[in-house]
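Chemist: Just so you know, the protein sequences line up as chains A and B, in that order.
The working numbering numbers the first residue of the first sequence as 1 and each following residue consecutively.
The working numbering numbers the first residue of the second sequence as 1 and each following residue consecutively.
If you are wondering where the hints come from, they were derived from the structure by calculation, not from laboratory data.
A few of these clues could be false.
In the DSS-like style, the derived pairs of lysine-lysine whose C-alpha atoms are separated by at most 25 Å in a straight line are [as the list claims (entries may be wrong)]: (1) Lys243(A) / Lys103(B); (2) Lys103(B) / Lys245(A); (3) Lys245(A) / Lys79(B); (4) Lys79(B) / Lys36(B); (5) Lys215(A) / Lys103(B).
Just a few of them, taken from the derived set where beta-carbon distance is under 8 Å, the chain B residues facing chain A [claimed, not checked]: (6) Thr20; (7) Ala22; (8) His86; (9) Met99; (10) Tyr105; (11) Val117; (12) Val125; (13) Thr128.
Since the model is a prediction, treat every value here as computed from it, not as a measurement.
Backbone N, C-alpha and C define an ideal beta-carbon position, used for all residues, glycine too.
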Amino acid sequence: MWSVYLNTFLCILFGFVIYYEWGPGEVVSHYELDTWIAVASSLVFLCALAAILIPKLFNGLQATIEKQQNLQERLEDTNARLNNAQHIGKLGYWSFDMETQELYWSDEVYRIYERDPETFKPSLEAFLEIIKPEGQYIWEKAMEPVMAGEKNLNLQHKIDLENNRIKWIQERAELIRDKNNRPVRLDGTSQDITRLKLLNDQLEQKATELEASNKELEQFAYTASHDLKEPLRMVSSFLERLKKKYDGQLDEKGHMYIHFAVDGARRMTKLIDELLAYSRVGRVTNELEEVDLNELLDEIIKSIAGDSDQANAEIIYDDLPVIKAVPVSMKILFQNLISNGLKYQKNESRPKIAIKSDDLDSHWQFTVIDNGIGIKKEYFEQIFKLFSRLHSDDEYSGTGMGLAICKKIVNQHGGEIWVESEDGNGSEFYFTISKNI
Amino acid sequence: MKPIDILLVEDNEGDIVLTTEALEEGKIKNTISVVKDGWEAIQYLEKKGDYVGATTPDLVLLDINMPKMNGHEVLKKIKSNPDTRHIPVIMLTTSSSEMDVMKSYQCHANCYITKPVDVNDFLEVISTIENFWISIVQLPSTNKNR
């Protein structure tokens, strides 16, 4: 390539040398023709050179232009995609320059705030004006910890729009600092959370309603039990008085009638008491404590040992864990299962109960094993239902509420309860208690 | 010992019979007046309406769940009136609710007793009340005609 340039340069030089040496002004010599030839050849050469170089230059230029165009297109495409993403996510981008106090809004922010990009100029003042009346206050309050570098901005506020509409918007932002740790910019997003907020409000309202209704139900159960017991107390009280005061005037049948009436009232009272206990199993989260099950079982067994009927029973348990639970509920749960194991026994046998625990990562699993009369498979689910009984009162007395109470307690502790048994060959009651209720 | 005047404020007929029978069977001579709701109790204590000639009782047995005016309100009225606040008030109720117990003592009830469910226990409680509040404690001697 360079040889071409050099050649051209030399040709032109020669051309000029000949021209000035023997050019016009001098007697036209035989060299004149040569001069013109030199000039012409130089021109031809220059033309040729131009013909070679210009397309090359042109090509280079074109490539650069194309490259730039490509970049531009890709940039626009990326921007469009980003804009689209913002639109789909209803998540606009904004940034606030700390130095110039200029606020930039992406298209989506304009859409969220329902402002026209042609006429509206975003600024901090304009923004505070939109979120008034309490705007300035909440903004400054929210910005305090952000500026202190304690946390990122996370602010929910509402704006009033035309036609009495309101919109809830969540602003999140992060403070950007320069090398010297000076805050330079706030990069943020605005998100329309009106629907979410509405759903959340509805959910909260439902939760409040549910709580109220639960409370009402509890109150109802309590009042009902209380008011139901009152007339029963009258029935049994006056029957007792009758028995005492008119003892001599009553024959055997009279005494029998009174016995059945008193017994009925007594059973009814027990039912109501247990119904009351069932309704009281609730509101677990408020009363959670660390419960040492070894201590609890020790206490239960001592109280059972005091009962002469159960004096010969054998109750053993592994080293049990300390769990997070409602202490009263745990006592009722273990007490019910153990006393069931002791109660449902063949006449002559010595009751044996074993209690085991297993760590299942998210739950504790407990097993209460007895050597009692067992349960037929078809009753495995039924026994946990309210008022469900498998035996008549003279076989084994009870209200049919014990296991229902156990189930409610276990469920409220985030667990399940089930039984495995063979008729006549003892039962194994399993239940789990969640480690994070 | 001079006879003791007891005011029983109770709406349950059965309990009225049981309580009066138990008190009558007791060793101490007493007169029992019965009113069946809170409003009437206040009329009685303030000697208004039908009770113009009533005597100030030495002891009040007060139920809580009653029509018109409940036991808590009656208690408040008794204890805020200088003419009646010296009278010992015994809350005698079926309720064992912590809230009722607390509320009663906060309003200066002299004691709170939950009616036992078993009739024999109930009679026992009445005779204990009688024994303690009539035989053991010293009550202020009131001018009955005040």
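Chemist: Hint validation: Thr20(B) versus chain A, beta carbon distance must be below 8 Å. Holds or violated?
Modeler: 13 Å, violated
Chemist: Against chain A, is Thr128(B) within 8 Å by beta-carbon distance?
Modeler: This hint is violated: Thr128(B) lies away from chain A, its Cβ roughly 17 Å from the closest one there, beyond 8 Å.
Chemist: Does Val117(B) pass the interface hint, meaning its C-beta sits closer than 8 Å to a C-beta of chain A?
Modeler: 5 Å, holds
Chemist: Tell me if the interface restraint on His86(B) is satisfied: Cβ within less than 8 Å of some Cβ in chain A.
Modeler: 32 Å, violated
Chemist: Under the criterion of a CB-CB separation shorter than 8 Å, is Met99(B) in contact with chain A as hinted?
Modeler: 11 Å, violated
Chemist: Has the given pair, Lys103(B) with Lys245(A), been kept, meaning a C-alpha gap of at most 25 Å?
Modeler: Violated, at roughly 38 Å.
Chemist: Is the interface hint satisfied for Tyr105(B)? The criterion is a beta-carbon contact with chain A at less than 8 Å.
Modeler: Because about 20 Å separates Tyr105(B) from the closest Cβ in chain A, which is outside the 8 Å limit, the hint is violated.
Chemist: Take the C-alpha atoms of Lys215(A) and Lys103(B), compute the straight-line distance between them, and say whether it is at most 25 Å.
Modeler: At roughly 21 Å apart (the allowed maximum being 25 Å), Lys103(B) and Lys215(A) satisfy the hint.
Chemist: Lys245(A) and Lys79(B): Cα distance at most 25 Å?
Modeler: 39 Å, violated
Chemist: Check whether the Cα positions of Lys243(A) and Lys103(B) lie no farther apart than 25 Å.
Modeler: 38 Å, violated
Chemist: Just to be careful, I want the Cα atoms of Lys79(B) and Lys36(B) compared with a cutoff of 25 Å; is the pair within it?
Modeler: 20 Å, holds
Chemist: Hold the hint about Val125(B) up to the distance rule: shortest CB distance to chain A must be less than 8 Å.
Modeler: Interface hint status for Val125(B): violated (12 Å vs cutoff 8 Å).
The structure fails to meet hints 1, 2, 3, 6, 7, 8, 9, 10, 12, 13 from the earlier list, while all remaining hints are met.
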